[in-house]
Each structure stands twice: as structure tokens, then as C-alpha cells.
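Both chains come to you apart, so use the hints to assemble them.
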Amino acid sequence: MGSQILCVDDSVTIRKLVKKALEPEGFEIIEAENGQVALDQCGKCEVSLCIVDVNMPVMDGFQFVEAFKQKPEYSHIPVIFLTTESAAQKKQVGKELGVNGWIVKPFEAPSLAKVVKMLVKQ
Amino acid sequence: MQKLSVAGAALEIVLLAINLITGTIAYVYGAVLVAAALLVVLLVRLKPKSSIQAERTEENIDKFTRENQLLQEKIRHSEVQMQELKADLREKDEYLHKFAVQCRKIAEATDAEKIMSKVIVDKTETATLELTNHVYSIGDWSKDVDDLIQRVFGQLTSEEGGLRVQSVRMEEELRRIEQLIQEFKIIRDDYIGELEMIEKTMKSVDQFTDTITDLSERTNLLAINASIEAARAGQAGRGFAVIAAEVQGLAKSTMKIADEISTTIESSVHTVKDSIGTYGERLQNAVEKLARSGEKHAGVIEQLTPQIDRVSEVIEESQKLSSSVTKNINDVTVHLQYQDSVRQILQHMVQLFETLAQEGVDFSAENVQLSQAEIEQQADEVKRLLKSFFTTREEWQAFGHEIDEDLFEGTDESDTQKNGLNGDITLF
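Taken in sequence, the protein lines are chains A and B. So for the first sequence, the numbering used here puts the first residue at 1; every next one is plus one. So for the second sequence, the numbering used here puts the first residue at 1001; every next one is plus one.
Because the hints were derived from the structure by calculation, they are not lab data. From a predicted model like this one, the values you see are computed outputs, not experimental measurements. Cβ coordinates follow ideal geometry from the N, Cα and C atoms, glycine included. Just to be clear, a hint being listed does not mean it is correct.
Chain B stretches covered by chain A per the calculated footprint, using a threshold of three residues with CB under 8 angstroms from any CB of chain A [claimed, not checked]:
| # | segment |
| --- | --- |
| 1 | 1123–1133 |
| 2 | 1325–1334 |
| 3 | 1338–1347 |
Here chain B stands alone, though its shape is the one from the complex (with noise of 0.2 angstroms):
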């Protein structure tokens, strides 16, 4: 019966380390037993001789038994742990399965990232390219008006026929004006003066005629006292009366005459006077008429010569604006460049990530085999991550969607007219 027992339990402890064995961390363990089991059959075998043998047999059995015990205790623990080591390596696969699932997903990302990147240089160009546009468009146009200021009032200022020429040439008239008036003041007072004289003279004539009529009357006087005389003489006298009448008549002709010469030399006189005051006053207003046009000249003069200052400062400063507008527009096409080193740059972030995502699946795909449908899966999970984070039209159309327009409300064409508005305006 003991033997029974003792080869029961050395039989238990074979399929025990044999159990442990087939374990992958109980191999220590197994060996021990195995030695343990193989010792017990083999002092089962041996026949007690003696009494003593068969007490020490006993010991032996109990003392087997003992680390029988024993190492049935170890075993359970060490079943225990192996159950832990199996429950730790279930969960270690778990995590291998998630970093492969993981970096499925993340080269899936990858190529989103390569789309939405594609993205965002089109925009980039587009607008770069529009601004350059826009900016050469400026250039030209400043460009322009330099050069329609440049021939306007360029020429109002050239040597030949411009602005400056003229008023020079107006001043040079001017001074001609001015003397002009300083000649006619002194052609007026010589003729004035000229006149006075003659109207002296007229009067000293008129003064002779005075003196001829005097003598005239006198000689009449005297002829008829001669008349007188020569009647009384008689027949003596007759010749002497001839004379005498013919005297008389030539005082009366002289008187007549001197008569007409005074009358016409009082019409003289008037006539002279009266071109004193006319011709006078035409030749007065005539100066002043010339000096107030001298007047006016200078007052042109000196509101021009201000105004062609200013045109030529004109002239100036539309050239350092033009070329201060083409520097502007260098340094822009400059800065505008860095859109190439963005894209770029941009093109290098991709290049690593899809770099480091390949090698994320080839390094996972050593341990884990996804199924095409986990593939498919993870990539199906990116593109809905993705979509959540859509705002503009241009991603949904990047990545083929169909446009969710409860997202992109059309813009109320009524209300942006009415208000002289261009472009996605929404008013509320």
C-alpha cells in the first residue's frame, strides 16, 4: 500500500515536471523533479533487508514526502508565475498588435499628410503667383504715370516751347512793355510840349494881326483925311484923291485880311487845344492801357514761376516715387520666393514622415501580420479622424469627398448686392 502510494506520487511528480517541462520557464524546475521521481523509483525497487533498512526506508519515504510537498508547493507557484508570465506575454502581443495598428494608421496619415501638403503649395502658389501678379501690375502702372508725368509736364518744362522758356520770354516782354511805356510818356509830352508851342506862336501871330489892323485902321484914317485934303485942294487935289481912295481900299484889305488871318489863327488855336486835351488823353490812356497789361504780365510772371517750381519738384519726386516703387516691388518679389523654400521645406517634413512611417510598418510587420481588413480598417479610421478636423472646401476636395455644404452655407447674393459687397460675406 505505502508502495503504492509512494509510486503514485513519484508517478504525480514524472507528470508534473513533464508538465512543467512542455512550460517554458519550469525547465530548472522539471529537471529537479525528474531527478526526485527517478530517485524514489529506484529506492521503491530496493527490498528492505532489515528492519533498520526498512526504517530508514520509512525516513527516506517521509523525508520524500516532505519535499514532495515541497516541491508540489513550488510547482503550484510556479504555476502561478508562469500563469502571470502567459497573462504578461497576452498583453505584450496586445501592445505589439496596437503599435502595428499604430503605425498603420500613422502611414496612413502619411499620405493624407503628402495630400493635404499638395494642398497647401497649390494655395500657397496660386496666391504667391497672384500676388506677383498683381504687384508687377502695380509696378507697371506707376511706371506709367512716371512716364505720362515724365511727357506732360516734361514738356511743359523742356528747353524748347516749355513753361520756364515762356515766362522768361514774358519777362523779356514785359521789360519791352515797360519801355515801351517810357517811350510813349515822353512821345506825349513832346507832343504836348509841341503843341503848347505852336499855340504860343499862334498867339504871338494873332498879336501881329492886332498891329495890322491898328496900322490898317490907322492908314484908313489917314486916307480919308487925305480925301478930305485933296477935295479942298480942288482940281489940284483930283490925283492925290485917287490915291488917297486907293489907300483907303488897301486899309480896308489889310483889315479884312488881318480879320481872316485872326480868325483863322483863333481856330487854330482852338484846334490845337483841342488836340492837346484829345490826342493828350488818347496817349495817357494808351500808356496806362500799356501799363496795366505790363501789370497783369507781372502778376502772371509771378504766380507761373512758383507753378513751374512746383512742376519741376513734380517732375522729381514722381521719379524717386517710380523708382522707389521698382525697389519696393524687388524687395517683395524677394520675400515672395520663400514660398519655394516653404513648399520646400514642407516636401522635406513629408519626406521624413513617410520615411519613419515605412519603417514603423516594416518594423512592426516582423512581428505582426495585420489582416487586409485591420489595413483597410485603420485607413478608413484615418480619413473619418481626418474629415472631423475639415474646414475648408479645398480638403474636402483634396481628399474626394463630396462636399458637406450644411458646412459651407452659400453666401446670400441678395444681401452682399444690396450692400455693394464682393465675395463669401454672411451678414447677420
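Okay, chain A solo, but in the shape it has when bound (with noise of 0.2 angstroms):
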């Protein structure tokens, strides 16, 4: 099995379209639907790389990095936004929290596959 990515997103259809754009590459999805649930997960496996939306219900994709980053087991592992969010100041926060990419929703597969494989390799 291909590395790990974790992808949280409370949106199914979102989730979906990522594993349906990244499993052909050989990649494994791991699903969360909030920040919350994300590192709960992260316990459970080896994620290789994180694909996190900003706006969800209990934990925000802010506030997850900002967790995520805080532990040193993980503090390596790389994190993209994939988010409608496309504000400046916003792009400002995931810069500061560490992110090593933002992908402006609506995305496309290829991209994004390239994206992770590029991250993943690094």
C-alpha cells in the first residue's frame, strides 16, 4: 500500500473526489470529517501528508494545523488547504501556521495529484 494521506473535509463529496483523484496514484485516503476526528486519526496511522479544509463544524482546519503542528511527531509532515476560502489574510493565517500549500476549491484531480506527489516526495 502507498503512503498515507489524511483528508479532512466535513464535506463526503469533497472526500470522495480527493480518493478518487489520488488512489489511481497509488496513495491511501484516510477520511476525517473535522479537525477533531483528524487527530484522533493521526494516532491510528502514518499519515504522509494532510489535506485540510478550512470552514468545519467542532475543530476548523486553523485550529487543527495549529494542533497538528504543535506535536513534534508530526511537526514534519506536510499540510495542504483545500478550501473556497481565497482571501489574502486568510492565506496569511495557513502561511503562519506552516502550510506548505492552498488549494482554491473548486480543484482538479490532476493538480492535485501532482501537488501531493511533489509534497510526498520532498
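Here it is in C-alpha cells:
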């Protein structure tokens, strides 16, 4: 089985589309519907990269990344935000949190696959 | 008496003033009236020292009486104004109460809106997910069909054992058949030529046998004559007669051999002639068969070539179609993601209305306190109003209502089954 990618999004459709975009490239997708569930999932698998939505119930993307990056065992794992948010201010928040990329929805499957492959190789 | 009436008027003025003072807007008039009353009391207490003073006092009393009348008129007018203001205030209070009620209704409606927006999100999410699955299924099928076409037709057109290679081999075989036909024709002509030569040779041999027969006959005749001459010579010719008899016997043997040779040659010539006819015909048939086989081969190749080309085209078209389907699926999946945007926009709208509704409730609460019964009444009214708009089962379910089955008449299943229909279809 290939590298594990954690997809954190409250939209089941988006999670499905991410799965369909990355599985043919040999990645295994771990799904979580919010930041809290994602943090719980992290302990159960070896995540190579996180794809995270910003606006989610319970724990949003920013809160998740903040908590995720604070843990030394996860701090080196690349994170991409995949969100409808496109404001520069929000992007700046993401950058300051140490994320590696920001993809505005809607995304194209080949582009997402390219970015993920690029970051997982690094 | 006059004093009493003046005192009474003063008292009335004071009472009116007090009355007005308690009002909210007649402070000024009240103050004036109090001052006037005090002045009247002061003047009454002064004793007239003379008739002039008495007259003055009378005049003053008249003057104050008139002023009192004027003031009473003003007081009445103020009372009317005050009543109007009170009515206005009551009206405003009612408006404020209505506003508070409306704010509460909006707050209740916002909760309902949240529930309804959740219904929308859930429904669109389900539909989008379903659509996504279907879209990917189409993609998978397209890929499978393309794989199958590539595998089946690819083998037909492959470098090893493919149709094109087979076709090239058939063309080579055809050329070899044509070459074989030519060689057979040459062999046939050579064979027939050889047999004709044999026939000619035999015929010429037959001519020699005729000469031999002629010579034998003439030798026989000579031997007979020699026998006659030997007999005439008597004893002297006895030896010659033996020789003549031997020569005659030789001539007869020669004649017999010549006959046998002639018969044999004649038989051989017949055999050769038959051979020319039979084998020549067989060779001709073989050549014709080969030619027909060659023609068939050529026909097959002629038909096969465009079909092989068509197969190559089909493979190419299948690849293009599969690529196109993949691209379209990518496009569709991009558009499917707008559901997520719509969901978020809807959430933002709900948040906005929620904030505004809460602000309205807070603002109105500063001025009007609605009772619990009133609050519950507004919630009930909103629910009742909302219920009157319901058209889908999902709305009823979302608000925990028992579905009014009168609104959702069940489908006549026998009718749909009979017509081979699926879904909620009613035929009238």
C-alpha cells in the first residue's frame, strides 16, 4: 500500500473526489470529517500528508493545523489547505501556521495529484 | 363673597396646576399657574385702603378672572394635547411590542432556516455524492471498454500474429501461388511437348517397321523364287533350297517382329495420346484450381486490408474517446465541487440572519419584555406558517412532523409495474 494521505473535510463529496483523484496514483486516503476526528486518526496511521478544509464544524482547519504542528512527531508532515476560502488574509494565517500549500476549490484532480506527489517526495 | 370666589378660583387654579404638574408635558404651564394663584392669594389678603384701591382690586380681579379663563382655556387645550400624546405613546408602545414579537418570530424563523438549510445541504450532498459515484462509474466503464478494445483489437493488429502481419503473409503466399501457377503452366507445356515428341518419334519408328515389313515381304518372295530355282536345279540346288527355306523363314520372322513392333508402337502412340489428354487436362485443372485459390486469396486480402485499417481506426477512436471521457469526468468533478461552495454560502447566509435576528431580539428586549407564553406563541406561529409551505417529505421529517399522507398520496404500484415504470409516478 502506498503513502497514507489524511483528508479532513466535512463534505463527503470532496473527500470522495480527493480519494478518486489520489487512489489511482497509489495513495491511500484516510478520511476525517473535522479537525478533532483528524487528530484522533493521526494516532492510528502513518500519515505522509494532510489535505485540510478551513471551514468545518467542531474543529476548523486552522485549529487542527495549529494542534497538529505542535506535536513534534507530526511537525514535519506537509499540510495543504483545500478550501473555498481565497482571501489573502486567510492564506497568510495558513502560511504562518506552517502549511505547505493552499488550493482553492474547485480543484482539478491531476493538479491535486501533482502537488501531493511533489510534497510527499520531499 | 367675592373673596370666596376669588379664593375658589385660586384653589381651582392650584389644583389644575398640580394636576398639570403631574403630567409630563405641562410643566411650564403649571409653573405659570402656580405663580398666578400665589399672586391672587396675595392680592386677596391685602385689605383695600380706599375705594380706589377697591376699584383697582376689582379691576385686578376682573383682569385675573379673564386671565384665569384664558389659562383654563390653555389648560383644556393642554389636556387635549396630553391625551393625544398619551394615545400616541400607547400606540408607540404597541408598535414596540409588535416589533419585539416580530423580532422573536424572526429569531424562531432563523432556527427553522438553519434546519431547512441543513436539509438543503444534506440533500445536495447526497445527490452530489450519488452523481460523483455515477460519473466515476462511467469513467471506469469507459476505461474497461477501451482496455478491452485495446486488448482484442490490439492483438489483431499486433506486430506478432496480428491481422496486418497475417495479411502481409497472405500476400506473400498469393505471390508464391501465382509463381507456382506460372511454373505449372511451363511444366504442363513442357510435358505435353515432350509427349508430342514421343508420339512423333514413335510414328517415325512405325515408318521403319513398314520398311522392314516391305523388306521382309520382298525377302520372302525372293526366298520363294530361290526355292523354285533350287528345285529346278535338282540335286545341285538342294543346298541352295535349304538356304532359301531359311531365308524365307527369316523373312517371315522379320515380318512378324515388324508387325509386333508396329502393334506396340501403335499402342504406345495411343497411350501417349491418352496421356497427353488426361495429364494435360489434370495439369490444366490443377493450374485453374491454383488460379482460383489465388483469386480467392486476393479477394480476402482486398477485403481484409480496409477492415484492418478500420480496426486501427477503431483502436485510435477508442483511445480518443477514453481520453475525452476522462477529461470530461475531470471537468464534471470540478463542477461538482460547487456544491461545497453553495453549502458554505448557505451557512454564511444562515449565520448572517442568525446574527441579525439575535440583534433584533436583544434590542427589543431592552424595551419590551415578552412573556414566556408570548415567546412560545411566536414559535408556534412560525411553525404553523412554515408548515403551510411544506411540499416535500424532507421538510416534514426535518421538523419532526408526522407526515401528512394526504399530501403525499402513495404511488399505485400495480399501475407502475404494469407499465414497466420505476419511481413515484402517478398516471391519471
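Hint check:
no.	hint	result
1	1123–1133	holds (count 5)
2	1325–1334	holds (count 3)
3	1338–1347	holds (count 7)
Of the hints listed earlier, there is not a single one the structure fails to meet.
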